[in-house]
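Residue numbers (numbering that gives the first Met the number 0), protein chains in the order written: chain Z, 0 to 284; chain Y, 0 to 284; chain L, 0 to 284; chain H, 0 to 284.
If you are wondering where the hints come from, they were derived from the structure by calculation, not from laboratory data.
Be aware that one or more of the hints could be misleading.
[What the hints assert, rightly or not] Listed next, the in silico DMTMM-like pairs over lysine to aspartate or glutamate satisfying Cα-Cα at most 25 Å (straight line): (1) Y:Lys92 with Y:Glu191; (2) Y:Lys13 with Z:Glu214; (3) L:Lys151 with Z:Glu141; (4) H:Lys196 with L:Asp222; (5) L:Lys176 with Z:Asp125; (6) Y:Lys158 with Z:Glu260; (7) Z:Lys224 with Y:Asp222; (8) L:Lys151 with Z:Asp130; (9) H:Lys90 with L:Glu227; (10) Y:Lys151 with H:Glu141; (11) L:Lys224 with H:Glu112; (12) Z:Lys224 with Y:Glu112; (13) H:Lys10 with H:Glu278; (14) Y:Lys197 with H:Glu260; (15) H:Lys224 with L:Glu260; (16) Y:Lys196 with H:Asp41; (17) Y:Lys265 with L:Glu260; (18) H:Lys159 with Y:Asp178; (19) Z:Lys158 with Z:Glu214; (20) H:Lys92 with L:Asp222; (21) L:Lys42 with L:Asp222; (22) Y:Lys265 with Z:Glu283; (23) Y:Lys90 with Z:Glu260; (24) Z:Lys176 with L:Glu191; (25) Z:Lys176 with L:Glu147; (26) Z:Lys151 with Z:Glu191; (27) Z:Lys42 with Z:Glu214; (28) L:Lys218 with H:Asp219; (29) Z:Lys43 with Z:Glu283.
[What the hints assert, rightly or not] Chain H regions said to be covered by chain Y (calculated; three or more residues, Cβ under 8 Å): (30) 69-77; (31) 175-184.
Even for Gly, the Cβ is constructed at its ideal location relative to N, Cα and C.
Number of protein chains: 4
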Amino acid sequence: MRTRSFRSVVKNYKAVFFDAFGVLKNHKGLIPDIANTFQYLDKKGIPYYVLTNDSSRSPEALSKWYQERGLGCITTDKILSSGMLAMEFFKTKVTNGNAVAFLGTNDSAHYIETAGLKTVSIRNLDLNDIDHIESCAFLDDEGFDWNEDINKTINLLRKKNMTVVVANTDINYPVNKNDISVAVGGLADMVEKILGKKFIRFGKPDAQMFLLAYERAMKDIPDIKRGEILMVGDTLYTDIIGGNKFGLDTALVLSGNTLPEMARIKIGSTGIIPTYVCESAVIEL
Amino acid sequence: MRTRSFRSVVKNYKAVFFDAFGVLKNHKGLIPDIANTFQYLDKKGIPYYVLTNDSSRSPEALSKWYQERGLGCITTDKILSSGMLAMEFFKTKVTNGNAVAFLGTNDSAHYIETAGLKTVSIRNLDLNDIDHIESCAFLDDEGFDWNEDINKTINLLRKKNMTVVVANTDINYPVNKNDISVAVGGLADMVEKILGKKFIRFGKPDAQMFLLAYERAMKDIPDIKRGEILMVGDTLYTDIIGGNKFGLDTALVLSGNTLPEMARIKIGSTGIIPTYVCESAVIEL
Amino acid sequence: MRTRSFRSVVKNYKAVFFDAFGVLKNHKGLIPDIANTFQYLDKKGIPYYVLTNDSSRSPEALSKWYQERGLGCITTDKILSSGMLAMEFFKTKVTNGNAVAFLGTNDSAHYIETAGLKTVSIRNLDLNDIDHIESCAFLDDEGFDWNEDINKTINLLRKKNMTVVVANTDINYPVNKNDISVAVGGLADMVEKILGKKFIRFGKPDAQMFLLAYERAMKDIPDIKRGEILMVGDTLYTDIIGGNKFGLDTALVLSGNTLPEMARIKIGSTGIIPTYVCESAVIEL
Amino acid sequence: MRTRSFRSVVKNYKAVFFDAFGVLKNHKGLIPDIANTFQYLDKKGIPYYVLTNDSSRSPEALSKWYQERGLGCITTDKILSSGMLAMEFFKTKVTNGNAVAFLGTNDSAHYIETAGLKTVSIRNLDLNDIDHIESCAFLDDEGFDWNEDINKTINLLRKKNMTVVVANTDINYPVNKNDISVAVGGLADMVEKILGKKFIRFGKPDAQMFLLAYERAMKDIPDIKRGEILMVGDTLYTDIIGGNKFGLDTALVLSGNTLPEMARIKIGSTGIIPTYVCESAVIEL
Numbered sequence: 000m001r002t003r004s005f006r007s008v009v010k011n012y013k014a015v016f017f018d019a020f021g022v023l024k025n026h027k028g029l030i031p032d033i034a035n036t037f038q039y040l041d042k043k044g045i046p047y048y049v050l051t052n053d054s055s056r057s058p059e060a061l062s063k064w065y066q067e068r069g070l071g072c073i074t075t076d077k078i079l080s081s082g083m084l085a086m087e088f089f090k091t092k093v094t095n096g097n098a099v100a101f102l103g104t105n106d107s108a109h110y111i112e113t114a115g116l117k118t119v120s121i122r123n124l125d126l127n128d129i130d131h132i133e134s135c136a137f138l139d140d141e142g143f144d145w146n147e148d149i150n151k152t153i154n155l156l157r158k159k160n161m162t163v164v165v166a167n168t169d170i171n172y173p174v175n176k177n178d179i180s181v182a183v184g185g186l187a188d189m190v191e192k193i194l195g196k197k198f199i200r201f202g203k204p205d206a207q208m209f210l211l212a213y214e215r216a217m218k219d220i221p222d223i224k225r226g227e228i229l230m231v232g233d234t235l236y237t238d239i240i241g242g243n244k245f246g247l248d249t250a251l252v253l254s255g256n257t258l259p260e261m262a263r264i265k266i267g268s269t270g271i272i273p274t275y276v277c278e279s280a281v282i283e284l
Numbered sequence: 000m001r002t003r004s005f006r007s008v009v010k011n012y013k014a015v016f017f018d019a020f021g022v023l024k025n026h027k028g029l030i031p032d033i034a035n036t037f038q039y040l041d042k043k044g045i046p047y048y049v050l051t052n053d054s055s056r057s058p059e060a061l062s063k064w065y066q067e068r069g070l071g072c073i074t075t076d077k078i079l080s081s082g083m084l085a086m087e088f089f090k091t092k093v094t095n096g097n098a099v100a101f102l103g104t105n106d107s108a109h110y111i112e113t114a115g116l117k118t119v120s121i122r123n124l125d126l127n128d129i130d131h132i133e134s135c136a137f138l139d140d141e142g143f144d145w146n147e148d149i150n151k152t153i154n155l156l157r158k159k160n161m162t163v164v165v166a167n168t169d170i171n172y173p174v175n176k177n178d179i180s181v182a183v184g185g186l187a188d189m190v191e192k193i194l195g196k197k198f199i200r201f202g203k204p205d206a207q208m209f210l211l212a213y214e215r216a217m218k219d220i221p222d223i224k225r226g227e228i229l230m231v232g233d234t235l236y237t238d239i240i241g242g243n244k245f246g247l248d249t250a251l252v253l254s255g256n257t258l259p260e261m262a263r264i265k266i267g268s269t270g271i272i273p274t275y276v277c278e279s280a281v282i283e284l
Numbered sequence: 000m001r002t003r004s005f006r007s008v009v010k011n012y013k014a015v016f017f018d019a020f021g022v023l024k025n026h027k028g029l030i031p032d033i034a035n036t037f038q039y040l041d042k043k044g045i046p047y048y049v050l051t052n053d054s055s056r057s058p059e060a061l062s063k064w065y066q067e068r069g070l071g072c073i074t075t076d077k078i079l080s081s082g083m084l085a086m087e088f089f090k091t092k093v094t095n096g097n098a099v100a101f102l103g104t105n106d107s108a109h110y111i112e113t114a115g116l117k118t119v120s121i122r123n124l125d126l127n128d129i130d131h132i133e134s135c136a137f138l139d140d141e142g143f144d145w146n147e148d149i150n151k152t153i154n155l156l157r158k159k160n161m162t163v164v165v166a167n168t169d170i171n172y173p174v175n176k177n178d179i180s181v182a183v184g185g186l187a188d189m190v191e192k193i194l195g196k197k198f199i200r201f202g203k204p205d206a207q208m209f210l211l212a213y214e215r216a217m218k219d220i221p222d223i224k225r226g227e228i229l230m231v232g233d234t235l236y237t238d239i240i241g242g243n244k245f246g247l248d249t250a251l252v253l254s255g256n257t258l259p260e261m262a263r264i265k266i267g268s269t270g271i272i273p274t275y276v277c278e279s280a281v282i283e284l
Numbered sequence: 000m001r002t003r004s005f006r007s008v009v010k011n012y013k014a015v016f017f018d019a020f021g022v023l024k025n026h027k028g029l030i031p032d033i034a035n036t037f038q039y040l041d042k043k044g045i046p047y048y049v050l051t052n053d054s055s056r057s058p059e060a061l062s063k064w065y066q067e068r069g070l071g072c073i074t075t076d077k078i079l080s081s082g083m084l085a086m087e088f089f090k091t092k093v094t095n096g097n098a099v100a101f102l103g104t105n106d107s108a109h110y111i112e113t114a115g116l117k118t119v120s121i122r123n124l125d126l127n128d129i130d131h132i133e134s135c136a137f138l139d140d141e142g143f144d145w146n147e148d149i150n151k152t153i154n155l156l157r158k159k160n161m162t163v164v165v166a167n168t169d170i171n172y173p174v175n176k177n178d179i180s181v182a183v184g185g186l187a188d189m190v191e192k193i194l195g196k197k198f199i200r201f202g203k204p205d206a207q208m209f210l211l212a213y214e215r216a217m218k219d220i221p222d223i224k225r226g227e228i229l230m231v232g233d234t235l236y237t238d239i240i241g242g243n244k245f246g247l248d249t250a251l252v253l254s255g256n257t258l259p260e261m262a263r264i265k266i267g268s269t270g271i272i273p274t275y276v277c278e279s280a281v282i283e284l
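This is chain Z alone, in the form it adopts within the complex (with noise of 0.2 Å):
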């Protein structure tokens, strides 16, 4: 497989995104060297902005996470995740007063917290009090007991007809080197199939995550065309894929889960074409 320089493929573009999880940091912590790039970018006045089907936590908490390790231009407003896209959701559908029940931490119900709206875990739930439930949220794989709080999921659904949203696409998620655990998505898709109903699901390949990502870049440069931004990402099913059908360019890295060694091999039985293929999002300064 041909690869190109990404300081070659970058500068030719007003803005770009980047997916988080393979391409800026992996199971280590940050991809090394990797702040090179952005400070590449500043110099060269490109905006760019981090899209996450990250669910588990607040943007805020996403940024400090770059902070904390030496990366100050990862601001609160650089990133976009489908955590975000669950909320305005909630905030529009919820009628006042009524709570959704999550599945996830406290921490990833904080967010929703945060817009005003009341959540009850489902660790909590007494499923014979449940008329003020109006929504229920798959917001992470952490924060329940998975037996007992999946099948009390199940049995809250039954129940009660009402619409289920999945703040987190993504089946599994790399926990290190080697491992690999379930994603709440992949627990969601195992509900949806039990109960034959159909949930809504927020982040990438969606053209929604795109969407709130492109609207924070047309406040930067307001005359911004799709085609004048990059996407950078590890996943041919959500990041190239979804970014192609948005009309965004977009380049495949090698650094998360396509192994080189496989990338063409994706490429050619998927049919999912990247603009570009580089090693990594990394410049060599």
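Since the structure of chain Z is provided, determine the placement of chains Y, L and H on it from the hints.
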């Protein structure tokens, strides 16, 4: 199932999005008295738009159909089709000079050509001369020999890796009171499964259709919020879930796909919950 | 939905296959008066067998459950379970000295061990010592920590390529009048999707379950034909389609999964057509 | 991928099951020198059988094809096809006097008629005269107009609820070195999805195909055990997983569907593990 009169519902919104088939028209022609609805909306100053997964004709041709039947108010600028999204995609993604191979009538391709793109019907394609073919489109279920040309499409995509666009996600459509026909989205699903590839689909319930219409509405009412728009449709899996997810309020009408006696069961079993249920979109004047 | 009395149906057959849950028993225990049915069949000299997708216990333990409730006629040799097929599979496919890693209770594994095979609970497995693990089995939804051990299973299967057996294809089961629980088949579906692998599944509607029972019936009535056997079940997707396909006649009973008010709609919408529909398998004496 | 010579593998078994396409023949005709293999097996006294998902012709017609090419040993009784299972099904399930509507050539239906059943080609069916149609069969991808007759099939199944049989589960088949064609199983998948119904499928990997062959083998070697039979095939998803599950040993050959350079990757990614991998089923004499 308790239903609401469409008038009592629609009067509270600043703009209306209508699905076409099963809402404004059916296999016999216009839904009787649907003209009343547009007379009412014009009088109230509520703008309206038609969102259709029809990629077999241009907005001009779609608009003409209504005008010939006395609905002069459905002008070209009121029509938003999945074919428009496909055309936009090809405009940004196909290299100048290259061509799009398509399944469909010449009419369906004509619209793409108006954007300056070259097209070649799969029927006329020589599989030994495909260097200039850069993309492939499923546009319409007519205009080709199903047996020969679907197999030809499969072998084109095995010979050369390219992006495939499905410009109509519907898997079937009604042809008369009792009968349905496979739509091009159904053929695309079969081909995708056989090839193991991933196609790009445009059309409801995808957010891009709703975004296209929302951008159009903002030209008429610059500060309109999503929650001030009503999406009216007959299909839970496209119109209603798509509208809900995009943040619109939704009205399911029982004049098409979803039969009155099944509406309650379907809403309960799918968990796709419209804001309102109405017998039809017709307003008694 | 016009139903037939079970007596008028069953008297015309030479043997009967019963599903267990929803037919002979439910969450409260035995279906009231089901003993009558076996008294009738014994009197008529019609042999019967119980076909169950239950892999959590041995035929001995399953039989004991009936015997403790007064149904002495349900002896071990009357029971055919998907767990028996899994055990047969491991006996022929696992090399002497190697082990099967399993999700489930120790009880569920005990049955495999009686065949001389070694088993290791995923819970107790050391992922750094897996040379002797040759196969993996989903046996029961209890006996492990869902969060930790499902993720451990996924990482075991990433570390070493091995055949995975799902000994219970059901995706959920009822725990009381209103509530259901995820069954081990549902967990297996999720893991299979995350890994992109293909597991081997035993249990109805697969032909091997019916073959196992048919071979047992032929021991009692050597020249019995498939069409002389009645399969009685409460689930269209397992009991009825599986029985139909294997060449048996089928009776859907409305005492379990398929509610009386939905039977006609479900048969019409699925196209899975039982030979008969009966209120229950109970015979009034 | 380390491969074994087919001779060194096959000599240890008491009987052999062969897949046809990609193992014994390809688009050009017989695999060169495959006659050697049968000469060897005959000499060793190892009986063999051909298991094929081909429902377009009768066992007689399939056998004749081999005989015309010099393989006189592939007699009718050596052939087990999914079409035979479909015929058995109709014999027990279709009421005397009623008819089976079919998609396919007249040849494909001729076989069903030899069992005394009436058939009607969908092409010739009058949708206003369907009282006598009791079942529907997908037999072959030829012999009908795809556009018109697939839609006609859909509307037949909407008008009248009946059991639908898919007599060939393959979704595509090779027509020459480079090209493939949609098989009738692919068309059936599309129709099933559009209707939301559940069809009955015959053919590998389903246990009934292997059972049919096993029963045939037991006529030649009454006490043969499953583990003493070798299943030879070129496709992991049908031949190998089906053989493994039925308790046979399995040999994947690289002369067909599974390309040598991809075999290791496919086995690793699917978790479908053949007992052996051989270049082909040809034995050098």
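Status of the hints after comparison with the structure:
no.: 1; hint: Y:Lys92 with Y:Glu191; verdict: holds, 21 Å
no.: 2; hint: Y:Lys13 with Z:Glu214; verdict: holds, 23 Å
no.: 3; hint: L:Lys151 with Z:Glu141; verdict: holds, 16 Å
no.: 4; hint: H:Lys196 with L:Asp222; verdict: violated, 35 Å
no.: 5; hint: L:Lys176 with Z:Asp125; verdict: holds, 18 Å
no.: 6; hint: Y:Lys158 with Z:Glu260; verdict: holds, 22 Å
no.: 7; hint: Z:Lys224 with Y:Asp222; verdict: holds, 22 Å
no.: 8; hint: L:Lys151 with Z:Asp130; verdict: violated, 38 Å
no.: 9; hint: H:Lys90 with L:Glu227; verdict: holds, 14 Å
no.: 10; hint: Y:Lys151 with H:Glu141; verdict: holds, 16 Å
no.: 11; hint: L:Lys224 with H:Glu112; verdict: holds, 22 Å
no.: 12; hint: Z:Lys224 with Y:Glu112; verdict: holds, 22 Å
no.: 13; hint: H:Lys10 with H:Glu278; verdict: holds, 16 Å
no.: 14; hint: Y:Lys197 with H:Glu260; verdict: holds, 23 Å
no.: 15; hint: H:Lys224 with L:Glu260; verdict: violated, 47 Å
no.: 16; hint: Y:Lys196 with H:Asp41; verdict: violated, 44 Å
no.: 17; hint: Y:Lys265 with L:Glu260; verdict: holds, 15 Å
no.: 18; hint: H:Lys159 with Y:Asp178; verdict: holds, 12 Å
no.: 19; hint: Z:Lys158 with Z:Glu214; verdict: violated, 39 Å
no.: 20; hint: H:Lys92 with L:Asp222; verdict: holds, 20 Å
no.: 21; hint: L:Lys42 with L:Asp222; verdict: holds, 21 Å
no.: 22; hint: Y:Lys265 with Z:Glu283; verdict: violated, 57 Å
no.: 23; hint: Y:Lys90 with Z:Glu260; verdict: violated, 33 Å
no.: 24; hint: Z:Lys176 with L:Glu191; verdict: holds, 21 Å
no.: 25; hint: Z:Lys176 with L:Glu147; verdict: holds, 18 Å
no.: 26; hint: Z:Lys151 with Z:Glu191; verdict: holds, 14 Å
no.: 27; hint: Z:Lys42 with Z:Glu214; verdict: holds, 23 Å
no.: 28; hint: L:Lys218 with H:Asp219; verdict: holds, 21 Å
no.: 29; hint: Z:Lys43 with Z:Glu283; verdict: holds, 15 Å
no.: 30; hint: 69-77; verdict: violated (count 0)
no.: 31; hint: 175-184; verdict: holds (count 5)
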